[in-house]
Structure formats: structure tokens, C-alpha cells
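Peer 1: Taken in sequence, the protein lines are chains B and P. For the first sequence, counting from 1, position 225 maps to 282 in my numbering; every step adds exactly one. For the second sequence, counting from 1, position 140 maps to 197 in my numbering; every step adds exactly one.
A few of these clues could be false.
Given that identical chains are not distinguished, each listed pair holds provided it fits within a single copy or across any two copies.
In silico SDA-like cross-links for lysine to any residue, where the CA-CA straight-line distance does not exceed 25 Å [as the list claims (entries may be wrong)]: (1) Lys502 to Arg478; (2) Lys103 to Asn488; (3) Lys758 to Val578; (4) Lys720 to Asn750; (5) Lys711 to Asn750; (6) Lys282 to Leu250.
Hints listed in this document are in silico derivations from the structure and should not be mistaken for laboratory results.
There are 2 protein chains.
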Amino acid sequence: MSNQEAVEIKEHSEKVHELDSLFKPKSIAIIGASSKELSIGNVILKNLVHYGYTGKIYPINPKEPEIRGIKAYTNIFDVPGDIDLAHVIIPSKFVPQIIEDCGKRGIKSVIINSAGFSEMGDEGIALQKAFLDNAKKYGVRVFGPNCQGIINTDPAFKAYCDFTFTFPNPGSISIVALSGGVGAFIMQSLFDLDIGMRMYASNGNACDVSISDVVKYYGEDDGTKAIILYTEGFSNPKEFMDVAKIVAKKKPILAMKSGRTEEGSKAAASHTGSLAGVDISTELIFEKIGMLSFSNEEEMCQASMAFSTQPIPKGNRVGIITNTGGPAVIATDELVSAGMQIPLLSDRAKNILKETMLPEATIGNPIDVVATGGGNHFRSALDVMMEEENIDSIFINFVTAPFTDTDEVARNIVEVSNLKRKPIVCNFMTNLSLERFQVTAKILKDGGVPCYSFPTTAAKAMGALYKYHLVQSRNIGEPENFKNVNQQNTKQILEKGKAEGKDFLTSADTYTILSNYGISVAEWRIANSVSDSVKAALEIGFPVVIKADAASLVHKSDLGGVKINIKNADEVKNVVEDMLQKFNTSDLKFFIQKFLPGGKELIAGVSAKQELGHLIMFGIGGIYVEVLKDVTFKISPVTKLEASEMLSTIKASKLLDGVRGEKGIHKESVIEIIQRLSQLVTDFPEIQEMDLNPIMAFEDKAFVVDARIKI
Amino acid sequence: MSNQEAVEIKEHSEKVHELDSLFKPKSIAIIGASSKELSIGNVILKNLVHYGYTGKIYPINPKEPEIRGIKAYTNIFDVPGDIDLAHVIIPSKFVPQIIEDCGKRGIKSVIINSAGFSEMGDEGIALQKAFLDNAKKYGVRVFGPNCQGIINTDPAFKAYCDFTFTFPNPGSISIVALSGGVGAFIMQSLFDLDIGMRMYASNGNACDVSISDVVKYYGEDDGTKAIILYTEGFSNPKEFMDVAKIVAKKKPILAMKSGRTEEGSKAAASHTGSLAGVDISTELIFEKIGMLSFSNEEEMCQASMAFSTQPIPKGNRVGIITNTGGPAVIATDELVSAGMQIPLLSDRAKNILKETMLPEATIGNPIDVVATGGGNHFRSALDVMMEEENIDSIFINFVTAPFTDTDEVARNIVEVSNLKRKPIVCNFMTNLSLERFQVTAKILKDGGVPCYSFPTTAAKAMGALYKYHLVQSRNIGEPENFKNVNQQNTKQILEKGKAEGKDFLTSADTYTILSNYGISVAEWRIANSVSDSVKAALEIGFPVVIKADAASLVHKSDLGGVKINIKNADEVKNVVEDMLQKFNTSDLKFFIQKFLPGGKELIAGVSAKQELGHLIMFGIGGIYVEVLKDVTFKISPVTKLEASEMLSTIKASKLLDGVRGEKGIHKESVIEIIQRLSQLVTDFPEIQEMDLNPIMAFEDKAFVVDARIKI
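Working from the sequences, and respecting the hints, build out all of it.
Peer 2: Structural data, given as C-alpha cells:
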């Protein structure tokens, strides 16, 4: 751990205490508690009691002396003891005053269930600002408004500050969700799958305590082994990245972002009122900081079962043990699709199994112990797989054949699983409506063996464990800081451009900036006249390209402002004279550049994303970008590893290696161009868009031959 | 329906009766019934009794007077009444004699559970042949061996002839699975999901009654609304296609094939002993005959729930009704990904909803009735969606908010669903461990509303309904039978080639065959000498291509045997003289062909697949095929629609339309070349491989310019 990280974590720990009043309250005031059955003010109180909250509950209601048998208070000032947390369920217009009162009363955190704030237009926005100002005045942390609340299953607290109806068992998975609807069914799904939950938070409008704050808190919570996160986007992605990249190194964050399609993001926009537009940046955030991204919430929940009990595999090699053939075939398909391997067994292993297995068993990988195989057969297969050096994890297909002692099989699986040396997942095929198999299931469950009902589902969970191994082992490093750059001159050019009200920089300015940042460009000159142009062309050497250059000429290529492959002085003269006639603009200059035919055309681009920084794009020019849309994106600043991943992850990446007799390109040069481009836009966030199109790449070098900068 | 189809169906109906003794037995002899607890011979009897079999059971055991309280018989000849079905559980070596006895006794069908036959090498194969010969002698139909058996849930039979442990409720989904392990967990999954099952069959080695026979039987069974099929491949794909294409028109067949990956198919091979090699033909079979292909068995089971009760939508337009925001966003993403649309509501609809919805509701598509919305709000939204002309199906997100009358919501959903006018699926988010929500769930379940626990899962099920609409509406038509073909001459060439022991035909023979089948080829001549070659080139007109042509020259291009763009007689002379010197083979001839530069290079190919016919391949030449593997396949014979789908389904299909100033190609010509190629290999199954590489396609025509035929 670097010193900086240590400092950050220390800072987090200090901050964590602040949220303890929210997640670990010793006393809760319910402001708006109600005796009316099925009202939220009643449900909140009922849930808290029902779940066995260990602290003090103070219902606040001006009219009722007691609610559900608990003494109620007219207001928070009448409450005798300390109040850690206030749960507010009153109409929005009263909230600013109540927060003021909470501050005065020394309450540290409030959950505001009530709706009617920023999601409801100007009036709501004003109300939200009003109570938030009051909260800040007194240092009160606000959770919500327009939210569900929090749950802490820790037996020391049993804090159920939520109006939902799922009462989770304690466990090690913590959930954070922007949408309460999604958070609630994820929690319910964990409950249905018998996966224990640690904490839950759904923060609605998230005016103060953010998803980042919650993730940070879960990251520091020793009881949280893995985090499930659902979002429709981030209002402060940079803050989130800073927090989550530290947490993701320590524990898996299983994440899902919806609004993947245009229609979905429209639905999300009308739902949250805050985020719109299909964007790919959330997925890129997940990738950059090493979160596990899911597009199917059921798979995410199922995978969390494996994370809650199993170690992370050290590689992609799976040993399969089965007592029925077909499901092993299905599992193999899915495991291999997820990038895993099913290696051959060693002779050592085979020799042992020849002694221990039934004659009709298949000795290999998968090991088929056959349906009549019992506990000792499974055990031997498990022991062998545990000892195999080239096996990283174990996949079990276990059908409860009616003619075997299935409990004995389960006990053996648990004993081996308890060693926690290699992760185990089990596709457990049984009928849980039969008592005898309930017993078997309980043995596996109590033994912490993650059990699934489908081979594909189990294999996907194994795939998620492996994927976390991959993201954990992927160290993207730090962005390189190239020293030979001229920041000062670049700043002057951009300021001048801005001052002149330009959208796009001229070619001269653009190329100067590229040169300032050490981005290789084909040799160029700016010329003002015919004779200048000829001189420049002679200096550069033929063939050359000539481009008409003026602020007003954005699509110069379409207008006949670009001529390539000019081979001698006469041609230069003709072209420049022709352009002088065609483009009657006072600032017209001529951009003369070395013509470099025969390379591979590549494209790199940049676009600014509000709150996030820049996205960097890379692709192969021509139809690959324009027709096949074969491009890849990363969030800047990109490291060397990330830049090289951009070259290797486009679909047509093989073309860069050279195919069908063509030579490959000099990848190092292109990688460096991407890194320097990243450094440039990181230094100058005011750059809105930038295209290097094309970059001409050759066997031994690469040059930018056309570029555009929008400020 | 065509006359031929009518005849086929009539034939099927007659055959169906034969399998009634298997699926609807009035009496069953259990040969090998045992009093030993947990033995298969005991489990089979126990299951039959436990499930409430309505017919007569005759346990056969030479030593026991009764088993589980049922009178046993020494042998089948002692049994007093008729026996429809014998369930055989004795060691393999006794099976041939028992089948002989069954034949003599007039038993119509037998299920052979016992293993030890074709899956166990030569000895087993001999045993299997022996009993099969006996069965055929007496007309006994054999199910198995090495199989689980069958289940018929029809209350009139309640025949559970299987050793598994799931006791399904009657319903309308029938299952057929090669692998008993997979079949069993699919059956269990339907049970867990509370989906009723109609019949079940897992036929192991499938020596007589095949998957095709079972699918045909299910197709004719009025109680079967949809079929689930799992296989690792087909031993007789043609028979299967003939049967399944008729059934798939009548009812959905949800199908999954495993062994998709090389490793998976290896596992399948070691499992079934009969099928090996990754092949794509099973997926192509599913596509050709309109089956719904799944790669995830859980999704297949979940989808079957919708098929069991819902009508098929008439289009892709979905109306969404929700009482919580986030899950609607997730559902929208998945629905759109599955090719569906979420259309805007009409003004009529919006005006109604403005009156009926709560003020905080969102009126649009999705309609968000909000969590406090009750039965009347859902009802109005449902009624509106049912009336909307541009809505084909309805997706409901229903979270059981604790402060609403959820039963009332459920009743309203059921009332609208019962109209069966548009399919409804429901993502039902609740806690089934709470009694009050169990009641709500039961209302939905009894009302036949398919309920899911995840929005993505529900949306995928909706997607499957829509996909069946698509395959049902896709009429591929019949293959065109081009009349202007010379079958006779083609036959002679192929016979001559075979007689001469050739693997590849010469260019002359190859091009003659193409011409025989009306496949456009660039103009060509065969020349034997320098002067002949010059004469031929002059006739064709320059530029030309010259290829050295001899049986021994397969890779002539690599050997310098191909010269392109030859522009005059002198060049012809030099090239031919050079080739004469280089290739010192007595049968050397010169293939002179018009050189056609500037077109788009396409590739079509054919390869023979045992038992299936030919696969036809299409792609764009060069890197698209070689590097990007952008190719598509169909099973021959292909119809015009299928041939045109080949052009439109490659990833780079847009290139055929012309991009970046290039002209598009004449697709009709290419489609006709594919159809004629299909007709050629259908007429001559002895053609093993064929490549048309390249086909040069222009704006107004397309020509084959190189071809290869392997016989």
C-alpha cells in the first residue's frame, strides 16, 4: 500500500464514524410515527420492532401518547436520552424546520422517507436546498430524501429503518441501490436464495449521503465481504471512482447499471429525473476501477452467493466432478465461454481414481462418479482435485440420486469446502419438497457450499469468481507523465482560441499543440502564398498534401480544400492558386504536409464528459469505424496498459498484427500517441473534442496526418 | 395445409397409436421389481404407486410373492391380464431373452432402464442388436436402453415410469431430453416454478423410439401446449427435421443443445459415446424449422411458464405497467435488447389515464401507477393497454407494497389476463415467506399469470413469446427448382472424376458443372498449348487470367500457377511458356479466363455433413472471412428467403449496399448463385466440398471467378 493510500484509508476511517449514527444507531426517533395501520409511519415502527432492533425507539407524534405499545413523544425535544438517528416521514413542507430541530437536538443523522423534493420540480428543489442548508449548519448527515432507508442486520443492532417487507438473515453481502424498487427485490432475492445480508442502503435523491459514501462505509466494514451496487448513473463519477477503486481492491463490488438502451435510459430519466442519455461511461467506470459488471440482476444475485463464502480462485483452471453426464456438458460450455479451462488430470490423479472410483465411473475432467457413486467416491474425487496443481477451482454437479446416501455426499463436500483452499460451487439438483433432501440441502448450506439449481447458473457464478481474480490481478498502473511537453505554449494557444471565440482551432494551432505534446505528426509547414507554399513543399520533400486552412473551413475536405499526393512544384503552384480563388477568406493559409501513403489508417478521438473528464476512443479507420462501429473507449487519463488494451480489444485487432501478407503496425508508437493524447486532455480539460483522424501507422512508426480540436 | 402435409399428419396419427402403449399404458409389468429399499427395481414400483398410477401394476420377480403389498408374478406369462408396457430393470445380458418373451406375450412397448449396451463398447452393442432384433420380430417398441423412462401426468393415467424424485403437477408443457440428468432437473425446475407438466421422456441410448418419435407424439397430443427439448445432437437429423418442422408450426418447441464449445462437446462425447465434434448444424436445424433455441436452461424453463398460459403476441410492441421505477428501467433494457419496442401512448390513452391515475403517477409508457396505486389504478392501466392498437403485449412490474391491497391488484390483473387477448407477463416482487403475499401470489398463479422474480427474467420470457411470433411468421418457402440445368452431364463428370480416383475436379470440369447449373462464371476457355492460349485470350478479350490446370495442382496459386491481369498476346505467350517449364506434368492445360477487377470479392462454400446433407456458407472475401470470421451458414437446400438472409445476416452486410462512395452489389445475382449452388449439391450429395472463391460482385451482375469441387 502506498503512503497516499494509507492516508486515504485513515481519512476514510475517520469519516466512517460519522455514518455510524446512520448504520449503527443506538437510538432512533421516528418523526411522523403513526398508529394508523398500513401507513408508512406505522410500517416503519412495526418493522423496527419486528426485526428486533436493539436500541431505543422514540416515536414522535403530537397526538398519540403511545404507538404499538411504545411511549410516543410530542416532539424530539421531549425525548429524554440521546438520539443518534431520526427517521422522518412527514410532508415535505415541514422537513426544513424538522431538520433545524434535529440539528439543535444534536441528532447526527436523519433518514428522510418523504417525497416531494428535487424529483418534483422547482418548489421541491427549493425545499431540498432549505433543509440541506439547515443540516449543514449543524453537521447533520442526511440520507434521502424520497428514499427507502437503511438496514443493518448485525445482531448488535438489527436496525431495520425501511418500509419494505423482507427481513433478511445476517450475512456478509451489503447492498446499495439508487432505486429502492431494485434494491428491495435484490434483497428479497438474496433472502429467497438463503444468502445472508449485512447492510442495505437505498438513498433515493441522495442529496447528502451519496452512493460513494455508502460504498466507502461498506469498504471499511469488516463484516461486509462483498458489495452489490445498482445504479442508473452517477451524479459525481469522479468522487465515486476515487472511493470505489480503493474498495474494489479489498472486496468484490458486483455492479449493475441499467439504462443500457436508449429506451431504458429514457425510462431511467423519467424515473430519477436526474440522469439522461445513453452513455457508456458507467460501464467504463466499472471497468477502470475493477468492479464486476452485470447486465442481468439475477446472475448478480446468484454470483453473490459464491462470493459470500468462497475464496477467489488463483487461475482459470476448473476441475469438474459430476454424478450425471448432461449437466456436466452444459457446465463445461458455460465455464469455457467465461474464459476458463478444463485441464486434463495428471497421471497421479488418474492412478488414485482408478483405485477409488466405481468401475463404471469416467476418470478424467469431468470426473463422472456416476449416479450410484456415494460419499467416499465424491470425497476421493474432491481430494484429488484439491491436490491437483493445475486445478484452481472445483465445480460439482450433484444430483440427489434416490438410491444413494446423499447426506454422506453432502458431508464430504462440506469437509473439503471447509479447507477454503480452492473455491467450490455446486449445481445441486434435487427436490426440496422432499424432507430427506431438505436435510442434504441443509448440510450443504450450513457448510457454506454455494448451491445452484442449474448448471449454467452455477457455472456463471464460478465465472464471476474467476472474473474477480482477473480484475484483482489487473494492475493498470499509473498514467505516464511525459516530461518533454510544452504546457505553457499549449495554454496560450487555447486561451487565444477561446478569446477569439473559436469552436475549432486552425490546423496550425492544432498541429502545434500536438507537437507540444510530443505527438508524432507528419512534417508540416504553414504557408501564406503560392511561393511560400512551393518553398515549404520543397523543404518537406515530395509528395505532399495541401490543405486550405481557415477558421471558417471545418469540412474542408468536402469543399475541395484538401489535395493529396502532390508530386512537384508546378502542382503545388496550381493547387494553391486554385484554392486562393475558391476560398475567398482573408485568414486563408496553406497547410503543407508530407504525404504518407501505404500505412494503416487508425483513428483516435477524445470527447469531454461532464463531471467525469474525457473519454478516449480508438479504432481502425474507414469501414471499421464508419460501418462496423468497431471502436473502443476508455476514461482518461489512460495508463500504458489501458492504451495497449485499446489496441487489443477492438474486434479487428488482428489487422494491427498484419494479415494476408500485409505488414503489422508499430503498436508502441500508437500506444504512446494515445497516452500523450490522454495527458494533453487531462492537462487541458477545456478541450471538448479532439480527433486524430487518421493516424497513419507503419511497420516502424506512426504519424498523425489529420487532426481537429474543438474547445 | 398441403396435401402432402395432410398425408404426413395422418401417418403420424396412425403411428401415434403405437406409442400410446408407452405413454398411456393401461397396465405395466415391472420386470426386475425388487423388495430391496432404494434399489431401482423398488424405486420404480414405489414411484408408480406414489404418483397414483390408474392402471394395473404387475411386479415380476421369481422369488417374491408380493412387493410393496402388490402381488408379484414369477414371469410375465403368469400375469393374468393384458400388459401394455413392460419396464425392464434386469442386467443387460438377460434383456434379449426378456424382449423375446415380451414379444411372445404380446406386450407392445418396453422401457429398458438397464445400462450395459451400446454405451459400453462391442459387447454391449451386440447385446443391443440382439434384443432389438427380437423386438422388431414381434413389433415391440423399445424405449431406451440406459434411460430414465417416461412420465404422463394426465389424471387418466398418472404413469410415472421413472426412478427420479420429482412428482410434477399436471400441466401443458412436455419435456423430451436425451440426457436424463438434464431432463430431471428441467422437470424439477418446472416443479419449483410451479409450472405444470404434461409428459416427460428421456430415452438414453434411443435404440428405437427416437427423440423424433417423441416430438411427433407430443405434437399430436392436444394436452401439450409447448415442448421443451434438450439434446447433445441428433443421430438422424433429417428425420428430426421432417417431424419437427410440422410440430413447430403448431406449437412452440423450446430447445437447447449443449456441447457448444469444443470442451463441451468433448464432455458430451464421453457422456453419450455417440456424438463428437463441435458442430453448428444443430443450431441451424433449430433455426431452419422454427424452434426457439436457448443457450441457458434456466431461461428456457422460465420462458416455458409464459408459453404454458399466454397467447403469442402479434408484434413487438410492449406496454409496461409498473408500480416502482427501477425495475421498469431494467425491463425496458431487456425488452429492447430482445428486439421489442416501447411505443408512445395515444392521446386517447393519456386522456383516460389523466382521469384515473393518482396525481404522482407517470402517464406514458411505462405507466408508473406508483407504489400506492391500488387495484383500480392497475386495472385502468391494463384496460388502456388492452385497447391500445399499437400495443401487442403487456409487461407488469408489481411490487407488493405493504400499504396497498395487493390481492385486489392481483385480481384485476387476472381478470384482464383471462381475456387472453394480449400476452401478459408479470415481474412479481414480493416476499413469499409472508402469508399475506402468498395469498396474492396464489391469485395470480391460479389466474394463469406468469410471474417472475426478476425484471430481466420476465422480460426474457416476453422476448421468447415474441421470438415465437417471429419464427411462426417467417415462411421460408420451398427451395426453387431451376429448370435450365444439365444434370446428365454433371453426373457424367462426377462419375468420371470418381472413377479416376480424383479428390478435386479440374478447373475445366469444375467450370463445366457450374455452367451446367447456370451459375454465372467469368468467360473461360481451356487451352493445351501456347498458340491455343493466345487464341483463347483473343476470343475472350483482354485482360485475362491464366491458371495452370492439372489434377496434381491443388494449391496452384502458391506455386505460381496463377497469373492475373494479362493484357496482350505477348504476355500470354510468356506466361504459358513459363508455366510449361515450371510444371512438368503430362496433363497440364491452361485455363484462360476473363479478368474482372474492381468488383467486391464474395465467398460461397459448401460442405457435406453426414446424415444431414450440406451446409452452405457465405461471406465477404479477404479479411472479413479470413480474419474477422464473418460468415454465415444454412442447411441446404436453401430457399430464396434463406439465401437472401445469408446476405443480410453477416456482420458486414452493409458493405453489400455500398458504403463510403462505393457502389453496392447486385444482390439478386448473388442470391441466385447461392440457390443454384444449393440445388447442385442437393442433386449430387456425393459432392463433399465446394468453394466459389471469389465470386466477383458488381453493381449489375456477379460472376464466379475461381471455384473448387471436392468429391
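Peer 1: Taking the hints in turn, state whether each one holds.
Peer 2: Okay, the hints, checked on the actual structure:
| no. | hint | result |
| --- | --- | --- |
| 1 | Lys502 to Arg478 | within (18 Å within a copy, 44 Å between copies) |
| 2 | Lys103 to Asn488 | between (36 Å within a copy, 17 Å between copies) |
| 3 | Lys758 to Val578 | within (11 Å within a copy, 43 Å between copies) |
| 4 | Lys720 to Asn750 | both (21 Å within a copy, 24 Å between copies) |
| 5 | Lys711 to Asn750 | both (20 Å within a copy, 22 Å between copies) |
| 6 | Lys282 to Leu250 | within (17 Å within a copy, 30 Å between copies) |
Hint check: no violations occur; every hint is consistent with the structure.
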